[in-house]
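Engineer: This is what each chain is made of:
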Amino acid sequence: MSNNNQASQKLSFPIIGMHCASCARLIERQLVRTPGVLSAAVNYGSETASVEYTSDVKEEDLAKAVEGAGYRAILDQRTKDRGQRTSDEIKEEAKKKEIKELKLKVIVSSILSVLIFAGSFPEWITFVPKILSNNIVLFILATPVQFWAGWQFYLATRSGLKNRTASMDTLIAIGTSAAYGYSVWSMIFGGDKYFDTAVIIITLILLGRYLEARAKLHTSDAIRKLLALQAKTARVIRGSTEVDIPIEEVKVGDIIRVRPGEKIPVDGVITEGVSSIDESMVTGESIPVDKTVGNSVIGATINKSGTFLFKATKIGSDTMLARVVKMVAEAQSSKAPIQRLADVVSSYFVPIVLILAVLTFVIWFDFSPISSEAFKHAFTNMVAVLIIACPCALGLATPTAIMVGTGKGAEHGILIKDAESLEIANKIKTIVFDKTGTLTEGKPTVTDVISSQKLNVKSQKLLQLAASLEQGSEHSLAETIIKKTHSLKLKTQKVTNFKAIHGMGIEGEIEGKKYIFGNRALMDKEKINYKNQESRIMNLEEEGKTVMLLALRQAQGKLLGIIAVADTLKASAKDAVAMLQKRKIDVWMVTGDNERTAKAIAREAGINNVLAGVLPNEKASKVNELRIKNNVLSNWDNSKFIKHNTEPVIAFVGDGINDAPALAAADVGIAMGSGTDIAMESAGITLLNRDLNSVVSAIELSKKTLNVIKQNLFWAFGYNIVLIPVAMGVLYPFFGWLLNPAIAAFAMAASSISVVGNSLRLKSVRL
Amino acid sequence: MDKLVVTIGGLSVLSFIYWFFFGKSKDEIVEVKDNIDVIVDGGYKPAAIKIKKGKTATLRIKRLDTNSCLEEIIIPDFKVKEYLPLNKEVEIKISPNKNGEFNFHCGMNMYHGKIIVE
Numbered sequence: 001m002s003n004n005n006q007a008s009q010k011l012s013f014p015i016i017g018m019h020c021a022s023c024a025r026l027i028e029r030q031l032v033r034t035p036g037v038l039s040a041a042v043n044y045g046s047e048t049a050s051v052e053y054t055s056d057v058k059e060e061d062l063a064k065a066v067e068g069a070g071y072r073a074i075l076d077q078r079t080k081d082r083g084q085r086t087s088d089e090i091k092e093e094a095k096k097k098e099i100k101e102l103k104l105k106v107i108v109s110s111i112l113s114v115l116i117f118a119g120s121f122p123e124w125i126t127f128v129p130k131i132l133s134n135n136i137v138l139f140i141l142a143t144p145v146q147f148w149a150g151w152q153f154y155l156a157t158r159s160g161l162k163n164r165t166a167s168m169d170t171l172i173a174i175g176t177s178a179a180y181g182y183s184v185w186s187m188i189f190g191g192d193k194y195f196d197t198a199v200i201i202i203t204l205i206l207l208g209r210y211l212e213a214r215a216k217l218h219t220s221d222a223i224r225k226l227l228a229l230q231a232k233t234a235r236v237i238r239g240s241t242e243v244d245i246p247i248e249e250v251k252v253g254d255i256i257r258v259r260p261g262e263k264i265p266v267d268g269v270i271t272e273g274v275s276s277i278d279e280s281m282v283t284g285e286s287i288p289v290d291k292t293v294g295n296s297v298i299g300a301t302i303n304k305s306g307t308f309l310f311k312a313t314k315i316g317s318d319t320m321l322a323r324v325v326k327m328v329a330e331a332q333s334s335k336a337p338i339q340r341l342a343d344v345v346s347s348y349f350v351p352i353v354l355i356l357a358v359l360t361f362v363i364w365f366d367f368s369p370i371s372s373e374a375f376k377h378a379f380t381n382m383v384a385v386l387i388i389a390c391p392c393a394l395g396l397a398t399p400t401a402i403m404v405g406t407g408k409g410a411e412h413g414i415l416i417k418d419a420e421s422l423e424i425a426n427k428i429k430t431i432v433f434d435k436t437g438t439l440t441e442g443k444p445t446v447t448d449v450i451s452s453q454k455l456n457v458k459s460q461k462l463l464q465l466a467a468s469l470e471q472g473s474e475h476s477l478a479e480t481i482i483k484k485t486h487s488l489k490l491k492t493q494k495v496t497n498f499k500a501i502h503g504m505g506i507e508g509e510i511e512g513k514k515y516i517f518g519n520r521a522l523m524d525k526e527k528i529n530y531k532n533q534e535s536r537i538m539n540l541e542e543e544g545k546t547v548m549l550l551a552l553r554q555a556q557g558k559l560l561g562i563i564a565v566a567d568t569l570k571a572s573a574k575d576a577v578a579m580l581q582k583r584k585i586d587v588w589m590v591t592g593d594n595e596r597t598a599k600a601i602a603r604e605a606g607i608n609n610v611l612a613g614v615l616p617n618e619k620a621s622k623v624n625e626l627r628i629k630n631n632v633l634s635n636w637d638n639s640k641f642i643k644h645n646t647e648p649v650i651a652f653v654g655d656g657i658n659d660a661p662a663l664a665a666a667d668v669g670i671a672m673g674s675g676t677d678i679a680m681e682s683a684g685i686t687l688l689n690r691d692l693n694s695v696v697s698a699i700e701l702s703k704k705t706l707n708v709i710k711q712n713l714f715w716a717f718g719y720n721i722v723l724i725p726v727a728m729g730v731l732y733p734f735f736g737w738l739l740n741p742a743i744a745a746f747a748m749a750a751s752s753i754s755v756v757g758n759s760l761r762l763k764s765v766r767l
Numbered sequence: 768m769d770k771l772v773v774t775i776g777g778l779s780v781l782s783f784i785y786w787f788f789f790g791k792s793k794d795e796i797v798e799v800k801d802n803i804d805v806i807v808d809g810g811y812k813p814a815a816i817k818i819k820k821g822k823t824a825t826l827r828i829k830r831l832d833t834n835s836c837l838e839e840i841i842i843p844d845f846k847v848k849e850y851l852p853l854n855k856e857v858e859i860k861i862s863p864n865k866n867g868e869f870n871f872h873c874g875m876n877m878y879h880g881k882i883i884v885e
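Read top to bottom, the protein sequences are chains A and B.
Take the first sequence: its position 644, counting from 1, is numbered 644 in the numbering used here, and each next residue is one higher.
Take the second sequence: its position 17, counting from 1, is numbered 784 in the numbering used here, and each next residue is one higher.
Read the hints as simulated data drawn from the structure, not as lab findings.
Note that the Cβ used here is the ideal one computed from N, Cα and C, for glycine as well.
Just to be clear, a hint being listed does not mean it is correct.
[Claimed, not checked] Coverage of chain A stretches by chain B, computed from C-beta distances (three or more under 8 Å per stretch; other residues unrestricted): (1) 118-125; (2) 358-366.
[What the hints assert, rightly or not] Derived pair list, reagent style SDA-like, types lysine to any residue, alpha-carbon separation capped at 25 Å: (3) K162(A) to K819(B); (4) K812(B) to R164(A); (5) K860(B) to R164(A); (6) K819(B) to E330(A); (7) K97(A) to D808(B); (8) K881(B) to P337(A); (9) K100(A) to T825(B); (10) K881(B) to E330(A); (11) K91(A) to K819(B); (12) K326(A) to G874(B); (13) K216(A) to F789(B); (14) K763(A) to S220(A); (15) K865(B) to R164(A); (16) K216(A) to P852(B); (17) K216(A) to D804(B); (18) K704(A) to V730(A); (19) K846(B) to P288(A).
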């Protein structure tokens with residue numbers, strides 16, 4: 001009542017940190033105590049506060065009050081929604097406004113141009129009213145086109161000249177001003193008029209800009225599409241209730257429910273339930289993936305069948321989707337080495353064209369074959385030179401192709417770190433695959449458990465001992481053996497004095513007895529005799545199995561048995577290897593396995609070159625060795641004269657953190673399936689799915705993108721190199737050809753559009 | 768006579784164009800401590816920015832020029848591509864870890880500047 005004469009405002013905002021209903025009361029009390037607050041209601045269920053207050057209360061005061069009670073108010077989020085926009089949003093709005101303005105200018109100047117053209121050539125278009133041919137009328141019609149529609153060219157020229165640089169706007173402003181200015185002069189003092197030339201040039205170039213701006217909006221479609229994948233809300237469990245909250249307010253640790261058909265809001269780990277998840281939008285993997293408790297889920301992917309609960313582990317800018325968007329955006333702003341030449345040329349381009357235009361005028365004026373036409377020829381040719389030159393096409397050639405190419409890759413789960421990686425992937429001559437997890441599924445299973453006949457140790461006991469020893473190990477095979485033991489319901493035993501022996505195996509004590517478990521090298525080191533099992537071991541290895549030996553370590557060490565583990569080759573491996581070989585790429589496999597096992601797997605995949613027995617930390621140096629070897633070969637091939645530029649490009653495909661050095665050592669590191677930060681950072685290309693055909697797709701994408709870049713550059717350079725001399729009139733002595741400035745404007749507008757259009761073609765490439 | 772006038776006039780214009788575009792004095796190099804204001808108006812001011820290797824510098828970029836050519840700034844070596852709203856400051860953080868000269872330019876590659884890392 002007391003505040004009837006004072007305007008009150010209402011505001012609702014989210015609050016973070018409430019644990020119970022009494023928290024809500026506490027915040028309410030704190031808010032009401034704030035001078036100017038008329039009423040406050042805090043809802044624990046929806047975690048929001050609704051406050052009514054007088055106009056002299058600031059939002060900061062409300063935030064302070066909530067903070068004073070030990071909680072946090074999300075007021076900045078709300079203000080963002082109300083008025084503050086991100087720079088991308090501002091850009092989009094500005095672009096749309098620009099396109100709208102351009103459209104209006106194009107329509108108005110098109111109409112005026114048609115009238116001016118009709119009035120300028122009454123001998124051709126006889127049905128036009130005579131008044132249109134009147135000089136004053138032409139002047140009146142041309143002026144708005146020159147100074148309203150064409151104003152942007154003057155603005156750009158002014159800002160360039162202030163800095164003693166020039167752009168293509170300078171050329172257009174000078175060219176059309178010359179045509180317009182001379183026409184005004186002629187109108188007063190008599191002579192030829194070129195109003196039609198000036199307005200048609202401006203109209204056509206604006207039309208070109210309009211079409212180009214519309215096409216360019218589509219070059220960044222990929223990022224927009226990725227961002228659109230994001231879910232807007234999350235259904236978070238709060239105590240015994242479930243509330244839908246904006247995705248920005250989800251915290252790490254929140255338990256979130258996802259129902260069938262819904263998008264998963266953020267990254268996390270399933271805590272309850274099973275489901276099949278369509279991850280194609282992020283990873284490009286077309287088949288839905290079955291997930292259960294303990295499996296990780298990716299934000300923005302779609303839950304197909306079951307309902308499940310998951311715990312949020314990554315939110316905001318840490319999510320996989322956010323990282324993908326960031327990576328694509330960064331790649332699109334990087335520069336391909338091939339662009340350097342275009343850069344150098346475009347920095348000298350405009351001044352050189354200005355010089356050529358002046359030379360054209362002087363030469364035509366001095367040496368025109370028809371002296372009465374000298375000025376006319378000199379003038380129109382000069383204007384044609386100014387108008388036809390198109391530095392824009394040069395500037396657009398590479399970046400537009402890179403933008404569309406990297407965006408296309410992202411749609412298929414192929415993330416390209418920078419333009420350089422995309423460019424060199426096309427030149428890969430040697431590709432090295434890591435075996436486990438890359439060529440194979442990375443899910444090895446125990447295939448054989450063989451006890452040494454003399455000792456007659458039961459195979460279950462062997463597994464139990466091996467699993468007990470492996471408990472402390474981080475080796476990928478340890479998990480396999482432990483899993484197998486669990487599936488047989490065997491219990492592991494306590495191990496003391498555990499030690500991992502790098503590249504060989506492990507050792508430890510169980511019930512006072514010392515055991516070793518590992519490869520032949522370990523047995524040799526401990527002087528364990530395994531020769532009577534050698535043929536059996538060899539047979540297992542021939543089958544591509546990894547063999548581990550378990551032995552008692554004592555004065556007279558004894559071999560207890562053999563455990564063989566096999567990993568299945570990925571279904572896509574054979575095809576992918578064959579396709580790479582078809583492209584004349586040398587395919588290698590690197591593995592820690594011994595040569596026999598390695599060769600068996602390689603044979604299955606169709607790979608002839610194997611680097612076996614390589615320890616994880618040696619992978620990078622092996623990549624370098626291969627490079628040196630190839631280099632020597634290729635330099636030798638090239639008569640030892642050509643060096644760096646013919647260096648064969650070597651790629652490494654790996655999946656794990658331990659592959660990071662090798663990924664970095666290779667010219668093109670291709671990280672696969674993992675999405676771990678370290679692998680992504682070291683790799684030039686990250687494949688979000690586990691399909692080996694993506695390696696081929698990445699190379700294909702690189703090839704296609706590079707082809708488009710080359711076509712664009714060829715067209716952009718060729719266009720200027722051929723047409724500038726034509727505009728100067730070099731063909732006149734031979735064929736009597738001169739270029740009409742209006743046609744020059746048309747060609748110039750078409751060249752930019754064709755470059756953008758050619759880049760957009762990459763969108764329809766099949767990968 | 769006309770031809771002589773045109774020839775002399777043409778040559779003078781040529782010399783002027785050459786002097787105007789190619790004869791400019793080198794950009795003054797401005798060293799950055801923590802942050803620097805860069806004004807975008809008919810180019811970048813300053814256009815040559817020196818940053819210490821291993822340090823993070825903030826470029827506070829404000830576009831005053833309505834020319835749409837300048838609406839985007841690209842620093843390829845640092846993978847930066849930012850839209851510059853008119854009259855609004857945009858902050859770009861740069862942490863160079865190798866020495867050298869790194870060019871930056873507008874969206875169409877018409878206006879240039881450089882970052883010198885030492």
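Engineer: Out of the numbered hints, which ones does the structure contradict?
Structural biologist: Of the numbered hints, 1, 3, 5, 9, 11, 13, 15, 17, 18, 19 do not hold.
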